[in-house]
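Peer 1: Build out the structure end to end from the sequences listed, making use of the hints.
One line per chain: the protein sequences are A and B, in this order.
Read in this note's numbering, the first sequence has 536 at position 240, and its numbers run on one by one without any break.
Read in this note's numbering, the second sequence has 115 at position 87, and its numbers run on one by one without any break.
Any given hint could turn out to be false.
No more than 16 Å apart at the CA atoms, straight line, and that leaves these computed lysine to aspartate or glutamate pairs for EDC-like [claimed, not checked]:
| no. | chain 1 | residue 1 | chain 2 | residue 2 |
| --- | --- | --- | --- | --- |
| 1 | B | Lys48 | A | Asp388 |
| 2 | A | Lys357 | A | Asp305 |
| 3 | A | Lys306 | A | Asp323 |
| 4 | A | Lys357 | A | Asp323 |
| 5 | B | Lys30 | A | Asp388 |
| 6 | A | Lys438 | A | Asp388 |
| 7 | A | Lys298 | A | Glu319 |
| 8 | A | Lys408 | A | Asp450 |
| 9 | B | Lys73 | B | Glu102 |
| 10 | B | Lys227 | A | Glu411 |
| 11 | B | Lys76 | B | Asp149 |
| 12 | A | Lys382 | B | Glu226 |
| 13 | B | Lys76 | B | Glu102 |
| 14 | B | Lys76 | B | Asp115 |
| 15 | A | Lys423 | A | Glu411 |
| 16 | A | Lys382 | B | Glu228 |
| 17 | B | Lys229 | A | Glu387 |
| 18 | B | Lys229 | A | Asp388 |
Simulated restraints, written as ranges between beta carbons of each label pair [claimed, not checked]:
| no. | chain 1 | residue 1 | chain 2 | residue 2 | range |
| --- | --- | --- | --- | --- | --- |
| 19 | A | Lys357 | B | Lys30 | 57 to 67 Å |
| 20 | B | Lys48 | A | Gly312 | 38 to 48 Å |
| 21 | A | Lys374 | B | Ser304 | 29 to 39 Å |
| 22 | B | Phe44 | A | Gln520 | 56 to 66 Å |
| 23 | B | Phe66 | A | Gly312 | 56 to 66 Å |
| 24 | B | Phe66 | A | Gly461 | 50 to 60 Å |
| 25 | A | Glu370 | B | Phe66 | 49 to 59 Å |
| 26 | A | Lys428 | B | Ser378 | 46 to 56 Å |
| 27 | B | Leu385 | A | Tyr476 | 47 to 57 Å |
These are computed hints drawn from the structure, not numbers from a lab.
By construction, the Cβ of each residue, glycine as well, lies at the ideal position given by its N, Cα and C atoms.
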Amino acid sequence: MKDTVISTDKLTKRFGDFIATNEISFDVYAGEIFGFLGANGAGKTTAMRMLCGLSTPSSGKATIAGFDIYKQAEEIKKNIGYMSQKFSLYEDLTIVENIQFFAGIYGLPDKKIKEKTDLMIEQLGLKNEAKKLVGSLPPGWKQKLSFSVAVLHDPKIVFLDEPTGGVDPVTRRQFWDLIYAASSRNITIFVTTHYMDEAEYCNRISMMVDGVIKALDTPANLKQQFAATSMDEVFFELARGAKRKAD
Amino acid sequence: MKQFITFIRKEFYHVFRDRKTLLLLFGLPIAQIILFGFALTNEIKNSKIIICDYAKDNATQRIIDKIAASSNFEIENSLLSHQQIEDAFKSGEIKLAVIFPAGFNNDLLHFNKAIVQVIADASDPNTATTLTNYITTIVMDYQKELTQLNPLPWQIIPETRMLYNPELKGATNFVPGVMALVLLLVCVLMTSASIVREKEKGTMEILLVSPFNPFLVIISKAVPYFVLSLVNLVIILLLSVFLLDMPFNGSLLLFFAESSLFIITALSLGLLISNSTDSLQSAMLVSLLGMLIPTMLFTGFMFPIENMPKPLQVISNIVPSRWYYIIVKSIMIKGLGFAAIWKETLILFSMTVLLLLVSLKKFKIRLQ
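Peer 2: Below, the structure written as structure tokens:
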């Protein structure tokens with residue numbers, strides 16, 4: 297059996313009477329690209345925030361990279377990367393300064409930081425822009441840079457929260473190339489998305505509706521299960537029963 | 029530790045990249061010192077006055093000479109009729125009139141008592157009080173000279189002395205106030221803005237997901253502003269000593285130690301604000317309304333606290349700058365040592381500890 301890097305058991309988050317995620321249980325395996333799908337307000341972001349340690353679960357269990365999310369938050373932090381919905385590099389710092397800052401707070405040694413910085417700038421083809429402020433880059437570049445920074449410290453798992461929102465199809469394609477490259481370095485990818493074509497790129501996907509995981513399988517199996525020709529249809533089939541209004 | 033330095037370096041980048049804010053940071057204290065020192069001084073210079081001398085004798089001439097020599101007054105005219113004086117007041121040409129009755133010197137020499145009438149335009153009561161005080165001081169001064177020459181044991185001379193500020197310089201009052209104001213503004217506004225900005229931009233999430241200690245985030249944010257505030261303090265000090273001729277009588281070391289304490293108080297206030305607000309606008313509003321206005325009102329450098337109604341006097345006790353103001357005045361102007369200000373220091377210290385505890389408790393490591 298493959299190594300399990302994320303394992304949740306009846307993980308639940310309540311906000312007062314509202315149950316944002318309701319007893320979700322699933323496993324993610326090492327090196328996998330795991331798509332975490334669902335309509336707006338289905339509870340994806342809440343679930344992801346619990347896994348990253350940004351939010352405390354109300355009940356249930358979960359381990360990330362073998363560490364308990366309640367007791368070993370510090371260990372988990374060293375082993376994960378995170379890219380939020382919002383663009384989250386410092387716009388008033390240059391590309392190099394951003395890379396060095398994030399490498400620095402993850403405690404990479406100086407020599408490694410330099411190596412990583414050069415490599416990343418090389419890979420992203422940003423040699424001429426390296427000394428420019430991040431704020432002056434086009435959105436697509438920012439997104440790619442943001443992802444590269446999230447996997448800079450070679451985490452076991454990287455969490456991507458709608459990483460390709462508002463990005464054109466060509467850049468999205470390039471972005472997925474980066475994801476594949478990271479995956480081939482045995483980094484597990486946990487990604488939420490709204491784009492069904494992107495869902496097809498994932499090894500396995502889970503579909504969340506109203507805080508519950510309604511389906512979890514490979515894209516091919518899901519299409520077969522719902523007798524659908526595309527992931528779009530699978531999504532509609534599942535999301536139709538949703539009672540929650542999208543926010 | 030290395031991570032900590034990385035973070036502080038990043039904070040300095042933020043500060044130095046934001047040229048406009050930086051300009052404001054250093055321009056503000058300079059502008060305030062110059063404004064308060066020269067333009068907004070409560071010392072009144074070159075006030076136009078009238079002197080009516082019905083006596084025209086030795087004594088009055090000596091007093092008039094003294095008045096003329098003072099930079100506070102400009103003798104406009106010497107009129108004789110009461111009607112003309114009244115007209116001059118009404119038109120606002122003059123602020124004050126000094127009237128010596130006939131036989132002034134005679135009265136003084138024979139009855140040991142002479143009256144000089146001082147009429148002030150009290151539509152502006154502060155100016156009027158100050159100006160009459162100036163005149164009284166000059167008259168007293170003359171009286172003193174007189175008794176030195178010719179000591180008469182039965183002559184009663186009221187002695188007035190302006191402690192610590194014999195020339196009634198306005199700057200002594202304002203400079204410590206401006207120091208408190210600038211430090212508070214820089215620390216509270218800038219720290220709260222810089223933390224809230226991270227929240228707004230979403231970078232705070234990234235920092236919280238990283239293994240970097242969240243409390244160090246807060247401390248690293250405070251370090252650059254601590255340094256900038258000290259630089260600011262030095263600028264203010266240099267300006268006030270060399271430009272405004274302020275005295276500095278106390279210990280520099282004590283001054284900077286006490287100022288550091290006050291800076292930490294202000295930084296903790298900034299932290300508290302940033303932990304209680306989520307947007308830049310609200311952080312700015314709370315900092316400005318919640319800090320700036322109480323500081324202006326309750327520190328005592330603009331409006332004397334003793335003149336306030338009791339409830340306001342009680343409120344003024346919770347304004348940290350009030351205590352810092354007392355401390356700075358004691359050190360700079362009176363040249364007092366720690367023994368004289370330990371109580372104020374203790375109050376400020378307790379406030380700081382309390383603020384730090386509350387703000388660290390409020391700081392959410394996990395976002396909801």
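Peer 1: Hints first: check each against the structure and report whether it holds.
Peer 2: A quick look at each hint next to the structure:
1. Lys48/B to Asp388/A: Satisfied, since the Cα-Cα distance of roughly 13 Å is no more than 16 Å.
2. Lys357/A to Asp305/A: Measuring from Cα to Cα gives roughly 5 Å; hence the hint holds.
3. Lys306/A to Asp323/A: holds, 12 Å
4. Lys357/A to Asp323/A: This hinted pair holds, its Cα atoms lying about 12 Å apart.
5. Lys30/B to Asp388/A: violated, 22 Å
6. Lys438/A to Asp388/A: Holds - the C-alpha atoms of Asp388/A and Lys438/A are around 13 Å apart, at most 16 Å.
7. Lys298/A to Glu319/A: violated, 24 Å
8. Lys408/A to Asp450/A: holds, 12 Å
9. Lys73/B to Glu102/B: Holds, at about 9 Å.
10. Lys227/B to Glu411/A: Not OK: Lys227/B and Glu411/A at ~30 Å, beyond 16 Å, violated.
11. Lys76/B to Asp149/B: holds, 11 Å
12. Lys382/A to Glu226/B: holds, 12 Å
13. Lys76/B to Glu102/B: holds, 5 Å
14. Lys76/B to Asp115/B: holds, 14 Å
15. Lys423/A to Glu411/A: holds, 14 Å
16. Lys382/A to Glu228/B: Answer holds: Lys382/A to Glu228/B is near 10 Å, not above 16 Å.
17. Lys229/B to Glu387/A: Roughly 10 Å separates the two Cα atoms, so the pair holds.
18. Lys229/B to Asp388/A: holds, 12 Å
19. Lys357/A to Lys30/B: 57 to 67 Å: Given about 35 Å between the Cβ atoms, the range is violated.
20. Lys48/B to Gly312/A: 38 to 48 Å: Given about 43 Å between the Cβ atoms, the range holds.
21. Lys374/A to Ser304/B: 29 to 39 Å: Between Lys374/A and Ser304/B, where Cβ atoms are some 31 Å apart, the hint holds.
22. Phe44/B to Gln520/A: 56 to 66 Å: Given a distance of about 59 Å, which is inside 56 to 66 Å, the answer is holds.
23. Phe66/B to Gly312/A: 56 to 66 Å: holds, 59 Å
24. Phe66/B to Gly461/A: 50 to 60 Å: Roughly 55 Å apart at Cβ, these two residues keep to the hinted range, so it holds.
25. Glu370/A to Phe66/B: 49 to 59 Å: Given about 56 Å between the Cβ atoms, the range holds.
26. Lys428/A to Ser378/B: 46 to 56 Å: holds, 48 Å
27. Leu385/B to Tyr476/A: 47 to 57 Å: Given a distance of about 49 Å, which is inside 47 to 57 Å, the answer is holds.
Hint violations for this structure: numbers 5, 7, 10 and 19, all remaining hints satisfied.
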